[in-house]
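Put chains B, C and D on the given structure of chain A with help from the hints.
Chains as they are written, first to last, in this note's numbering: chain A, 1338 to 1824; chain B, 1338 to 1824; chain C, 1338 to 1824; chain D, 1338 to 1824.
By construction, these hints were calculated from the structure, which means they are not laboratory data. Just so you know, these numbers come straight off a predicted model, no measurement behind them. Beta carbons: idealized from backbone N, C-alpha and C, even for Gly. Wrong hints could be hidden among the right ones.
[To be verified] Derived list of chain A stretches under chain D, where covered just means 3 residues or more per stretch with a C-beta under 8 Å from a C-beta of chain D: (1) 1370-1384; (2) 1554-1563; (3) 1575-1589; (4) 1618-1630; (5) 1640-1651.
4 protein chains.
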Amino acid sequence: MISARSTTPDADADDDLRDDHFRDACGVFGVYDHPEAANLVYLGLYALQHRGQESAGIVSVEDRILHVNRGRGLVADVFKRQDLARLRGRQAVGHVRYSTSGGSASQRNLQPLVADTADGGIAIAHNGNLVNGVQMRRDLERRGSIFQSTMDTEVIVHLTALSRRQSFYERLTEALFQVRGAYALVAMNERRLIGVRDPHGIRPLVLGRLDNNGWVLSSETCALDLIGARFERDVEPGEMVTIGPDGLLSRYPFPRKKRRLCIFEYIYFARPDSAIDGVNVYEARKRIGVNLAREHPVEADVVVPVPDSGVPAALGFAQASGIPFELGIIRNHYVGRTFIEPQQSIRHFGVKIKLNSPPGFFAGKRVVLVDDSVVRGTTSRKIVKMVRAAGASEVHLRISSPPTAHPCFYGIDTPNQQELLAANNSVAQMCAYMEATSLAFISLDGLYRSVHGVSEGYCDACFSGSYPIPTTRMEKEDTRLTLLQES
Amino acid sequence: MISARSTTPDADADDDLRDDHFRDACGVFGVYDHPEAANLVYLGLYALQHRGQESAGIVSVEDRILHVNRGRGLVADVFKRQDLARLRGRQAVGHVRYSTSGGSASQRNLQPLVADTADGGIAIAHNGNLVNGVQMRRDLERRGSIFQSTMDTEVIVHLTALSRRQSFYERLTEALFQVRGAYALVAMNERRLIGVRDPHGIRPLVLGRLDNNGWVLSSETCALDLIGARFERDVEPGEMVTIGPDGLLSRYPFPRKKRRLCIFEYIYFARPDSAIDGVNVYEARKRIGVNLAREHPVEADVVVPVPDSGVPAALGFAQASGIPFELGIIRNHYVGRTFIEPQQSIRHFGVKIKLNSPPGFFAGKRVVLVDDSVVRGTTSRKIVKMVRAAGASEVHLRISSPPTAHPCFYGIDTPNQQELLAANNSVAQMCAYMEATSLAFISLDGLYRSVHGVSEGYCDACFSGSYPIPTTRMEKEDTRLTLLQES
Amino acid sequence: MISARSTTPDADADDDLRDDHFRDACGVFGVYDHPEAANLVYLGLYALQHRGQESAGIVSVEDRILHVNRGRGLVADVFKRQDLARLRGRQAVGHVRYSTSGGSASQRNLQPLVADTADGGIAIAHNGNLVNGVQMRRDLERRGSIFQSTMDTEVIVHLTALSRRQSFYERLTEALFQVRGAYALVAMNERRLIGVRDPHGIRPLVLGRLDNNGWVLSSETCALDLIGARFERDVEPGEMVTIGPDGLLSRYPFPRKKRRLCIFEYIYFARPDSAIDGVNVYEARKRIGVNLAREHPVEADVVVPVPDSGVPAALGFAQASGIPFELGIIRNHYVGRTFIEPQQSIRHFGVKIKLNSPPGFFAGKRVVLVDDSVVRGTTSRKIVKMVRAAGASEVHLRISSPPTAHPCFYGIDTPNQQELLAANNSVAQMCAYMEATSLAFISLDGLYRSVHGVSEGYCDACFSGSYPIPTTRMEKEDTRLTLLQES
Amino acid sequence: MISARSTTPDADADDDLRDDHFRDACGVFGVYDHPEAANLVYLGLYALQHRGQESAGIVSVEDRILHVNRGRGLVADVFKRQDLARLRGRQAVGHVRYSTSGGSASQRNLQPLVADTADGGIAIAHNGNLVNGVQMRRDLERRGSIFQSTMDTEVIVHLTALSRRQSFYERLTEALFQVRGAYALVAMNERRLIGVRDPHGIRPLVLGRLDNNGWVLSSETCALDLIGARFERDVEPGEMVTIGPDGLLSRYPFPRKKRRLCIFEYIYFARPDSAIDGVNVYEARKRIGVNLAREHPVEADVVVPVPDSGVPAALGFAQASGIPFELGIIRNHYVGRTFIEPQQSIRHFGVKIKLNSPPGFFAGKRVVLVDDSVVRGTTSRKIVKMVRAAGASEVHLRISSPPTAHPCFYGIDTPNQQELLAANNSVAQMCAYMEATSLAFISLDGLYRSVHGVSEGYCDACFSGSYPIPTTRMEKEDTRLTLLQES
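Bound conformation, chain A alone (with noise of 0.2 Å):
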């Protein structure tokens, strides 16, 4: 039923290029009164890139005019300085989306998203999925809404739209209340900035105090900090913060569900330097590697990270070991997404485009390598084959997270369940595919274990398979087929 799509380019599938890794979807920030709203945002986007790469968009509001500019691509190549000079106004909401391999592709797929309604314009940026997005989108298609991209999120724009209630809060509640799944919004119109958790918490937000007591609305902490404003606290699972002239109102709408918040965030998506939920990403990371060590200990000369995302969990494992940790995989931060592999005979050079060793640092050693996930495992298995290549006599290959067996249905990208190594092999078979000494993954009780700073309970759905939003089997394949879709 998804019809309308823009012309898309020929798939580039650049498997030596492309990142064995789950993705998050999106990163999201908002400010509230500040003469310089959308530079805030900026900076805020600027932090939040590494949850998407894909495409960025930014709206503020002025007079009740909502100001728009969004595009594919990264934050500093979307925005020029003529383009944030317009973007005038004291209230500003921005988007990061994921990075995909298509081109041009998803052009209609850009966030925030922005509607004229009959009360006024309304911008509303989405960090999550909704599991009855497509069964919604239909409903709203047969009543004569039109849809303008392939995003659940615009079922909730549209829902907000068609609400007959009030003030805009209002409006939005009732919405939420249609859809089931998972959501951090930060919407806004021409007078109120709101921010809102979905039930289980599954995604991340946080509150943020300026120093001229404007408000600030972000996906972690580490953008607070580059703007220096004041983390105030996270938004709770199923709060709605509304902030206006009034000041900030907060709102429990939602039935209260148990606390639900996603443990990848602090495996893999979260910047170190943040803390979600209270827990510090960089310490739970430490605490996943040290963990590690003492679940799957192991003799050898050298702890050596996966850059970037393996080095505190590595610095854990080394420090609870005592094996000496070292840099001994350096990457190349000059690798982009514009790389062009050359065509011919000399394509296969695998991971060395990203990651080298210096000359010699590997001959005869016993080596611990350590990396944040596997997930096809095409990654893994090359890096362990260079480190071979290069002279180490044993890999040992420790995993900071679980195996992770499930596709995700509440906003992150995973590939479809038959692709992912685990679900299909035991660690034996993985290690065997690999061809390390020895493989271990940390156990989910170690992973809890680790990330102990709170006593709510977790989403670890991609590890159990244990999903907290019940979802028909229809939903979920709805929402795989969307997500295929859009890549």
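Showing chains B, C and D alone in chain A's frame:
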């Protein structure tokens, strides 16, 4: 209420370079059942480029997927070879839109409009303007419809999506029953191409046939010529033609109205190599020149057109008067929209950037200068000045249209009434303003005699103030406001 | 020996869109002593755009610093507002270069050429071609000079740099003594502007005066008109004018030769609103039409020009013959270099993308079709075909130049001799090829009578094969080869 | 005398974003005898990107034709797939150039330089700087040579072109005999690839071997790793290797000098996964850290590097001192050159756009902060401030290089002496300026001990002021001037 818009650059008012003309709003084109439908639409839009230079778009359909490509700029700039290659399918519709001075202001206002409806994707390309568009939009927004553009065409799209009727043509018909105004539409769903002209037939639309028995819809016949299509007939006022697997069906769903084709098509909008409603444009313009010579004879040495639009009337004037025709004003065709006017002391080079005369050409001559219309009068004044400065002893300005004293509400970009020179000045005053020796306009009668090819009526509201579609004062203000906001 | 070149795209041969004309190589322009020198040059190049559409460049000088801006494309595309702002100084020279079909092939071949010499920076803009350029280049390379472009203009730059003379004009003179060929040069160092025309005066150059007593050099007078400069006089064949703080100095450093202005300037190259060596181009073209009518009369119903270049001659033909002039062929001025010809089954739409006729215009008419020249004959043939297909009963083709049977070695881009239709065919054969009812060319005598304004001689080598500059066979081959390599 | 240059944008001085580092001038790479020579060079330049981010270029040769592609920007931005496809041939050389803040200033200064000489095309890529370059340029200009760039490399090109010797290597040798300075060159004519290092071997160059027995020349070994080439050996100081159909010939044409490799390669320039003249860079940096800990021990809770360049030394420091190593400062790798610093009240976000720390990380900690060098000291000061603001009780700054008190004349972009903090301040003063608890630099002796791998000497002029190449005061001023003019 139209509160969301893209950021706008500073106005780049460039009086010397701005054409002092009414500007046609759009051109539309559609192809049914050809293996290279989009390529044919591309060529068709090329031939209709004079009807709109701001933006261009093509939508094709294949296997229930709409492929969309729209952008700002000329047809040749918007579409690259690979874009055309991706616009697959045997059906396609296209649109060109008028030129505004603004920069990126109207990124949202690109046609053809596309929507996913419960019944599949539809695409609509519209030439014209709805007088109750703003009111309908307000109503629809109150019902929860979300608008993406500021174009009244989107009202038709929403009404179509909201209709509960079964088939596409029924839903479109139900939508059109609710609007008043001028429209020549080319619309398409995954299986059918529809052409429809408003009950008065204010804007033109023709039907053509391809060699392979495929069908073409076009604003003008010149575009049929380019692609080698056979002119079949004009779509009639109030007629809806539906072209599908079962051939062409003609319906007249609306109450019959008197035909009221925009007479300005013959004066300026249409290309001289087109025929509109059976009347050859080039011949009509020449006959206007003949009648102008008869109505306002003058003794002179030479008849000179203001190129390019004044040429046919000048030829007619010369033939009727026996005064020699000369191309005494040369137009520089390289002057385009990207020209940068140097900013400082030398900026007042007037119309010379576009128009110049051979050395000594006008010296001592009594000149009949033939132009097609006077809008603000600014350009005409400069041309008269240039001709006088070149030595002309007398400059008799002859205009191949009656004085334009009233704005258009049916899809033509005209200045506000107070800016129309003829709205506030007698012919004598206008003559004095332009510093011409004499000034004369073709009479409305003379104009009618010149386009005698058919017996039906025309819309001459811009001359007579007699508007064929009943329009409230509020609607008129709405229309003007909308046009101003977009530009 | 010309071994280094930028990478070349695949030829994009597009026969239908390629103009079948000789193409002028260049236009030059210079300003001395004006606070906005570069802005004036920008406008001047705009007016000379018809002389070269491939690339454009401006060099200004201020405080001994040369500011350079050159690029591929039309004047309006190459220079942005900020570019002009940076071209500071009271002296500037500019250049437009002819259009080739290639893409980025000629990135190196941009003018004005600039060089740092021991005596400071110099800039040279050149219209013309040196017949001993390749040989001089080989000699200079053997001496150790390094060439950056493949343009023979660079030979003049090197010879100037190598000269041991004191002053700029002496060094340039010494350089020019060593070359043979056609040149109209505008050159500049940090204090002086020099204009020079080769001893035969093959290419034109005029001198103008600004209101502030500043000076202008230009290929044609039309560019003086645009900037409001006063036409002072033509630079004479063999004259070198040096303009500096001490005013203008005229020198005739070379042995006097017979004047041999390229007569094709009157037929096609120059703009009709220019005067070349005292002869008004528009009037000359009209007189050619008059003489063509006298030499080759025909009974017909209508005289129709091939627009735009055939218009003045057609007017003259109509006036002399008494047959009515009509604009029966309409040109689409939006057709530019970026047009993409659809690649598959529909590509053969012939000349219709550029030219079309009003419906029914030609039906049953005996037509005199006036065009300016026949080069390969491909376009003429298609136009005749189109006119016949439109119903003309007779098509009498009248050409306002003699048959072009010989290539040019003096700066005009002509096909090789074997591609020139007139080189290998009688007029009767050509007529048959074009499927015209009759075909006639103006005689060389008639052409001379038409440009009678001055008593001096012309270069008519492309018609007569009589080349004014002695040229060895090797030099001719070199010249052709160079031209081919560049295009 | 360097008077011609392209227009320059306003300086966009952005102190917070500018790296306070010496910057390496260039990287060079060459391939001989491989069917995809240009593709290999592309990959090689990718691996050498850290040596120059301003511009990149590749020249290949095939059938005596040089194919050239050069442009501003990163390797991945300059070359598109089709560009690489056009760089045909089995031989190619490439170059990356350092990053300047300017915009289009250096369009002329792209390498490899290419010239058509009497003996065919040559291409030269140069890492280094000539101390008598300006004087040689003046002499050559006086002889009539024309310069296209402001790079001293062009002096070598001209001298090569002017040489009367027979073979390419003889001509290049004759040219190099006339210059003094630092150079690692990769040069090529249509049949041979030449690598040469100045007599002191100031800049590095290595030789590698391809699987197919083809040859590679590269600034660093890390680029060999990427393309799977085997490291053969370093090119020796003063050695010229000529690779041709007859294999590799090694010559030592210059009088022997003492080896003086730039020791800063080990501190900062080279990638840690390279080995330079037999010394593993990563290990050298770690040993510097070890020696730094021994020379300047301190009681502290944590050793934190300033990423990325400070990491290996910090690791060494931590291992030697027993103080735990932590990645307490996180670098945002998305910060690139296109970042727009918002202009108004919020611009002083300092180094946070690049660097941030995990929440609470530094609270109450005594910190050893390890950085590689102090140039102006501006960035270090901000980092200390940030660490203090994050709660550190003590900040002990340890620098893995001696104080840099003298500018470089051999190809490294250093500020003028007055801008070098160490040139005008004692360590105590520097410590006070940075508001650090303590500040210490590795001693020159300690540095030498750390790179003990080979017995030969180094250039340490930036620390000691002892310049290995005799240079007049005028030459020093010329060099500084040239570097300033370019940037």
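query: Are three or more residues of the region 1370-1384 of chain A within 8 Å, CB to CB, of chain D?
result: holds (count 8)
- request: Three residues minimum, CB to CB under 8 Å: does the region 1640-1651 of chain A make the cut for coverage by chain D? Let me know.
  value: holds (count 3)
query: Residue count check for the region 1575-1589 of chain A against chain D: does it reach three with CB-CB under 8 Å?
result: As far as the region 1575-1589 of chain A goes, the hint is violated, because 0 residues have Cβ atoms under 8 Å from chain D.
message: Can you confirm whether chain D covers the region 1618-1630 of chain A, using C-beta to C-beta distances below 8 Å and requiring at least three such residues?
response: holds (count 3)
field: chain D over the region 1554-1563 of chain A, status - at least 3 residues with CB closer than 8 Å
entry: holds (count 4)
The earlier numbered hint that this structure contradicts is number 3, and it is the only one.
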